[in-house]
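Mind docking chain B with the ligands on chain A? Use the hints.
For the record, the sequence lines run as chains A and B.
Going from the first sequence to the numbering used here is simple: count from 1 and add 6.
Going from the second sequence to the numbering used here is simple: count from 1 and add 147.
Simulated from the structure, these hints should not be mistaken for lab results.
Hints should not be assumed to be uniformly reliable.
[What the hints assert, rightly or not] Computed spacing ranges between beta-carbons, pair by pair: (1) B:S171 <-> A:Q23: 39 to 47 angstroms; (2) A:D78 <-> B:E168: 29 to 37 angstroms; (3) A:E148 <-> B:V417: 40 to 48 angstroms; (4) A:G125 <-> B:I292: 27 to 35 angstroms.
[Said to hold, decoys possible] Computed cross-link-like contacts, DSS-like style, restricted to lysine-lysine with a CA-CA straight-line distance of at most 30 angstroms: (5) B:K200 <-> A:K37; (6) B:K213 <-> A:K57; (7) B:K200 <-> A:K57; (8) B:K156 <-> B:K169; (9) B:K374 <-> B:K213; (10) B:K156 <-> A:K37; (11) B:K188 <-> B:K303; (12) B:K188 <-> B:K353; (13) B:K188 <-> A:K57; (14) B:K213 <-> B:K303; (15) B:K429 <-> B:K394; (16) B:K429 <-> A:K37; (17) B:K156 <-> B:K206; (18) B:K281 <-> B:K420; (19) B:K420 <-> B:K394; (20) A:K37 <-> B:K353; (21) B:K156 <-> B:K303; (22) B:K429 <-> B:K379; (23) B:K374 <-> B:K281; (24) B:K432 <-> B:K420; (25) B:K303 <-> B:K162; (26) B:K156 <-> A:K57; (27) A:K151 <-> B:K420; (28) B:K151 <-> B:K206; (29) B:K156 <-> B:K281; (30) A:K105 <-> A:K57; (31) B:K353 <-> B:K429; (32) B:K429 <-> A:K151; (33) B:K308 <-> B:K200; (34) B:K374 <-> B:K304.
The beta carbon of each residue, even a glycine, is placed where N, CA and C say it ideally should be.
Residues per chain, in single letters:
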Amino acid sequence: MCNQNGGNNCFEYVDSQMPRVPLQLVVNGEKVIEFVDPAMTLLNFLRIQLKLFGAKEGCGEGECGACTIIMDGHTVNSCLVLAVEAQDSEITTVEGLSKNGELSILQQEFINNDALQCGFCTPGMLMSARNLLDRHPEPTVEQIKEGIAGNFCRCTGYQSIIDAVISAAKREREELI
Amino acid sequence: MLSKYDYFKPDTLEKALEYLEKNSETRILAGGTDLMLLLRKDAVSCEHILDIKDIPETKILSYTPKVGLFIGASIPVNRIAEDDVIRGVYPALCQAIDGLASFQIRNRATLVGNICHASPGADTSAPLLVYNAKVHIASIEGVRIVDIANFFTGVKKTTVKENEIVIGVSLPDVEQGDNSIYLRKARIKGHDLCNVGLAMRLTSKKEMYVAMAAVAPIPLRLTELEKTIGTKELTSELGPWIQEEIKKYMDPRRNSVRSSREYRFHIAGVLAKRGLLNLLEKEAK
Ligand SMILES: Cc1cc2nc3c(=O)[nH]c(=O)nc-3n(C[C@H](O)[C@H](O)[C@H](O)COP(=O)(O)OP(=O)(O)OC[C@H]3O[C@@H](n4cnc5c(N)ncnc54)[C@H](O)[C@@H]3O)c2cc1C
Ligand code: FES
Ligand code: FES
Numbered sequence: 007m008c009n010q011n012g013g014n015n016c017f018e019y020v021d022s023q024m025p026r027v028p029l030q031l032v033v034n035g036e037k038v039i040e041f042v043d044p045a046m047t048l049l050n051f052l053r054i055q056l057k058l059f060g061a062k063e064g065c066g067e068g069e070c071g072a073c074t075i076i077m078d079g080h081t082v083n084s085c086l087v088l089a090v091e092a093q094d095s096e097i098t099t100v101e102g103l104s105k106n107g108e109l110s111i112l113q114q115e116f117i118n119n120d121a122l123q124c125g126f127c128t129p130g131m132l133m134s135a136r137n138l139l140d141r142h143p144e145p146t147v148e149q150i151k152e153g154i155a156g157n158f159c160r161c162t163g164y165q166s167i168i169d170a171v172i173s174a175a176k177r178e179r180e181e182l183i
Numbered sequence: 148m149l150s151k152y153d154y155f156k157p158d159t160l161e162k163a164l165e166y167l168e169k170n171s172e173t174r175i176l177a178g179g180t181d182l183m184l185l186l187r188k189d190a191v192s193c194e195h196i197l198d199i200k201d202i203p204e205t206k207i208l209s210y211t212p213k214v215g216l217f218i219g220a221s222i223p224v225n226r227i228a229e230d231d232v233i234r235g236v237y238p239a240l241c242q243a244i245d246g247l248a249s250f251q252i253r254n255r256a257t258l259v260g261n262i263c264h265a266s267p268g269a270d271t272s273a274p275l276l277v278y279n280a281k282v283h284i285a286s287i288e289g290v291r292i293v294d295i296a297n298f299f300t301g302v303k304k305t306t307v308k309e310n311e312i313v314i315g316v317s318l319p320d321v322e323q324g325d326n327s328i329y330l331r332k333a334r335i336k337g338h339d340l341c342n343v344g345l346a347m348r349l350t351s352k353k354e355m356y357v358a359m360a361a362v363a364p365i366p367l368r369l370t371e372l373e374k375t376i377g378t379k380e381l382t383s384e385l386g387p388w389i390q391e392e393i394k395k396y397m398d399p400r401r402n403s404v405r406s407s408r409e410y411r412f413h414i415a416g417v418l419a420k421r422g423l424l425n426l427l428e429k430e431a432k
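So here's chain A without its partners, still in its complex pose:
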């Protein structure tokens, strides 16, 4: 799956050379059929094989949430999932949030509220926020905090992110009316 790179605490994907296995799934609405390394993580599959560079590897250990994607309606840390475990599943990554080249309301509100600086956490943060709004269209601040607790941001201090989620929730509700 991963190999310790020259003894540094830096991991990169190394082909396990194991026989490839067929994998069929839906990613951002599109059917994907590929052969994969059984020891490859879902995160590496998305990034290396599908060239979807939205989801990031921050820690590779489930701590930071930069790799968060939505799998069959649930947020997961894609660094802790094997690609082969995603057989027949439906996956949404940050690339799937915009429609016809237009950013989603949630993404627009992240920009309007300055909810990002370096942006490394943003793809994962957006997926946790998206899933939170799907579960709680009118979230309380506590629910927002709980919903993004698995996503570390080292830049913003979180307040602007919370503000962005609140404004997005409001706009999304208004658009429903």
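Okay, now just chain B with the ligands, sitting in the frame of chain A:
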């Protein structure tokens, strides 16, 4: 070393057990939130991954009044905590789940994986101990049922053998008036293993059960403490007593990365007092 393994996801228990018999160096995969870390760090060797999430027996989550709760080995903990009936009957279990890792980890992490990994601080262990949970363990010889109190054998060690698969955990039903609480203290709120995890249960017969995580090599049920409590009248005056008394039953690690022994002793006392008062207060209502 490079992790090299193939992947097998059988759809029956028989196929899974046969595979285990035939292939040594197999690791069972449930949610993967512990196993993937071990593989990444090359902390375990492994040639085969056996994904149990298609085995029908492991996909059961059911509560039957008068019988109890069965939690299959493939059920992620969020599924348990989201069930209002289960939350009402086994509050300490759901509170322990609420405090385990982050939301997205809880979407994958299973309760059975939590106890099979057998970290001394496994959050779900203490509530399972106060509910006298039973672990259902299958091998080609059949299914054996082990009391949770006999399940843990050491730090990250359990009674599960290499050719066995845990199919699920069952909790007996409780009587009307039963109540419980789980309290944990971690370095930061949320998203950190606990320094002390404490489950307390007050049964309808006014028996107090107490179990703790992260204060000894294995999660502990404090049966001696329970007996002593049984000889006393249950009032809020027991608070300061239990705060001191509970320390006698702990053996926390000396060189832990998370906290000193002294800190764990102190926090355990505070949590025990808080838990006791909370249960008595609820009972008074
Ligand atoms: C960022 C992070 C934070 C965490 N925080 C907490 C926390 O606060 N509290 C806490 O208690 N834990 C925590 N954990 C640990 C972990 O999430 C839990 O222990 C989880 O419940 C493990 O379940 P799983 O399904 O992911 O197990 P897996 O990783 O799939 O398996 C764990 C181990 O058990 C074995 N196993 C799994 N299922 C079976 C079975 N049916 N039969 C036999 N063996 C089996 C596996 O082979 C493996 O050795 C955290 C983990 C991460 C990554
Ligand atoms: S990269 Fe997956 S949680 Fe950090
Ligand atoms: S914007 Fe830099 S980590 Fe969040």
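Status of each hint after checking the structure:
no. : hint                                  : result
1   : B:S171 <-> A:Q23: 39 to 47 angstroms  : violated (21 angstroms)
2   : A:D78 <-> B:E168: 29 to 37 angstroms  : holds (32 angstroms)
3   : A:E148 <-> B:V417: 40 to 48 angstroms : violated (24 angstroms)
4   : A:G125 <-> B:I292: 27 to 35 angstroms : violated (52 angstroms)
5   : B:K200 <-> A:K37                      : holds (23 angstroms)
6   : B:K213 <-> A:K57                      : violated (53 angstroms)
7   : B:K200 <-> A:K57                      : holds (28 angstroms)
8   : B:K156 <-> B:K169                     : holds (15 angstroms)
9   : B:K374 <-> B:K213                     : holds (26 angstroms)
10  : B:K156 <-> A:K37                      : holds (22 angstroms)
11  : B:K188 <-> B:K303                     : holds (16 angstroms)
12  : B:K188 <-> B:K353                     : violated (47 angstroms)
13  : B:K188 <-> A:K57                      : holds (25 angstroms)
14  : B:K213 <-> B:K303                     : violated (33 angstroms)
15  : B:K429 <-> B:K394                     : holds (25 angstroms)
16  : B:K429 <-> A:K37                      : violated (53 angstroms)
17  : B:K156 <-> B:K206                     : holds (14 angstroms)
18  : B:K281 <-> B:K420                     : holds (28 angstroms)
19  : B:K420 <-> B:K394                     : holds (12 angstroms)
20  : A:K37 <-> B:K353                      : violated (58 angstroms)
21  : B:K156 <-> B:K303                     : holds (25 angstroms)
22  : B:K429 <-> B:K379                     : holds (19 angstroms)
23  : B:K374 <-> B:K281                     : holds (22 angstroms)
24  : B:K432 <-> B:K420                     : holds (19 angstroms)
25  : B:K303 <-> B:K162                     : holds (27 angstroms)
26  : B:K156 <-> A:K57                      : holds (27 angstroms)
27  : A:K151 <-> B:K420                     : holds (29 angstroms)
28  : B:K151 <-> B:K206                     : holds (28 angstroms)
29  : B:K156 <-> B:K281                     : holds (26 angstroms)
30  : A:K105 <-> A:K57                      : holds (19 angstroms)
31  : B:K353 <-> B:K429                     : holds (13 angstroms)
32  : B:K429 <-> A:K151                     : holds (28 angstroms)
33  : B:K308 <-> B:K200                     : holds (19 angstroms)
34  : B:K374 <-> B:K304                     : holds (28 angstroms)
Violated hints, in rising order: 1, 3, 4, 6, 12, 14, 16, 20; the structure is consistent with all others.
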